[in-house]
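Engineer: Quick mapping for you: the protein sequence lines, in order, are chains R and P. If you use the UniProt record's numbering, the first sequence corresponds to residues 1 to 264, in order. If you use the UniProt record's numbering, the second sequence corresponds to residues 1 to 77, in order.
No lab work stands behind these hints: they were computed from the structure. One thing to keep in mind: the hints can contain errors.
What the hints assert, rightly or not - DSSO-like mimics (lysine-lysine), calculated; alpha carbons at most 27 Å apart, straight line:
(1) R:247 to R:226
(2) R:247 to P:7
(3) P:45 to P:13
(4) P:9 to R:226
Said to hold, decoys possible - Which residues of chain P face chain R? A partial, calculated answer using Cβ under 7 Å:
(5) 7
(6) 8
(7) 11
(8) 12
(9) 15
(10) 16
(11) 53
(12) 74
Quick reminder that beta carbons are idealized off the backbone N, C-alpha and C, glycines included.
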Amino acid sequence: MAGKTIVITSGKGGVGKTTSSANIGTALAMQGNKVCLIDADIGLRNLDVVMGLENRIVYDIVDVVENNCRLEQAMIRDKRYDGLYLLPAAQTRDKTSVTPFQMKELIEKLKEDMDYIVVDSPAGIEQGFKNAIAGADRAIIVTTPEISAVRDADRIIGLLEAEGLRDPEVIINRIRADMVERGDMMGIEDMIEILAIDLIGIVPEDEGIVVSTNRGEPIALNDNAKAGQAYRNIARRIMGEDLPMMKLEKDSFISRFKKLVGLS
Amino acid sequence: MKSDDKKSKSVAKERLQFVLVQDRVKLTPDEMDAMRDELIEVLSKYIDVDSQKIEMDVRREDDMTALVANFPLKGSK
Numbered sequence: 001m002a003g004k005t006i007v008i009t010s011g012k013g014g015v016g017k018t019t020s021s022a023n024i025g026t027a028l029a030m031q032g033n034k035v036c037l038i039d040a041d042i043g044l045r046n047l048d049v050v051m052g053l054e055n056r057i058v059y060d061i062v063d064v065v066e067n068n069c070r071l072e073q074a075m076i077r078d079k080r081y082d083g084l085y086l087l088p089a090a091q092t093r094d095k096t097s098v099t100p101f102q103m104k105e106l107i108e109k110l111k112e113d114m115d116y117i118v119v120d121s122p123a124g125i126e127q128g129f130k131n132a133i134a135g136a137d138r139a140i141i142v143t144t145p146e147i148s149a150v151r152d153a154d155r156i157i158g159l160l161e162a163e164g165l166r167d168p169e170v171i172i173n174r175i176r177a178d179m180v181e182r183g184d185m186m187g188i189e190d191m192i193e194i195l196a197i198d199l200i201g202i203v204p205e206d207e208g209i210v211v212s213t214n215r216g217e218p219i220a221l222n223d224n225a226k227a228g229q230a231y232r233n234i235a236r237r238i239m240g241e242d243l244p245m246m247k248l249e250k251d252s253f254i255s256r257f258k259k260l261v262g263l264s
Numbered sequence: 001m002k003s004d005d006k007k008s009k010s011v012a013k014e015r016l017q018f019v020l021v022q023d024r025v026k027l028t029p030d031e032m033d034a035m036r037d038e039l040i041e042v043l044s045k046y047i048d049v050d051s052q053k054i055e056m057d058v059r060r061e062d063d064m065t066a067l068v069a070n071f072p073l074k075g076s077k
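Construct the entire structure; sequences and hints are all you get.
Structural biologist: This is the structure:
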């Protein structure tokens, strides 16, 4: 098997990299793929809690690299889907504990057995970012409709291209149709025009994300959630399907009602 | 038009474009201004440039990043 490695990155912190990694990995597994999620944020691991797998960690990525255990021993198998695994980051070490070369080797080994390897990159553009992109075949940049996030995304595009990762794609996260509508949030077209890269998905702002993170159940598992649908669509696009972008709901019935009675 | 009449979305887009010009060409605002002034000076030797209406933008295209500048001529439309 010759798996594909996708790095999820952003530059700016807090835009939804880890949530996106968890949901893309889960949604790819829901499509029947064998998937390994790698948390490359050494020292600040979080993909384990977002996936709800924090209680099952015995070994981590640094243990694998330092030969304290075999790769298979550190991979946590997700019980919800056959073929979904997590390789957790180390929490008590720092970014220099893994080198880009070691990361590449690790990914090469995983590729033999996996359809997709999804790497959750740390924020920033230093060592941790360089480790995360080493060995990636494809890069997905997560941004939100804020100047700071889009600016950092633009920086990352330049850095990825300098590292030979051509044609990164972007996820625009936490978009609010009502705010775009009234002219208080940049729209999808505005950001795509400025960044000049391909859009692989839009994820609407969804309270369900908080709830799903509270429970450690990726929202992609929730059939009724908008954001869950958005991530399932992204997974299918990654697999090569040509799906139309999700229509953003201008105004829900509830929010119209609230406005009507003066609650918002 | 007062600045608060303008939708914050347009303000964000303009500010973002401005800051990306600097990020992409790796010049400070002062250096950008100096370059702009020098360009005006050179062009003005030959043509009548309307220095109030100059637009400079750095765009990313398929294989390159390009500095795109518009120097409208005085009295032209």
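Engineer: Looking back at the hints listed earlier, which ones does the structure fail to meet?
Structural biologist: 3, 7, 11, 12
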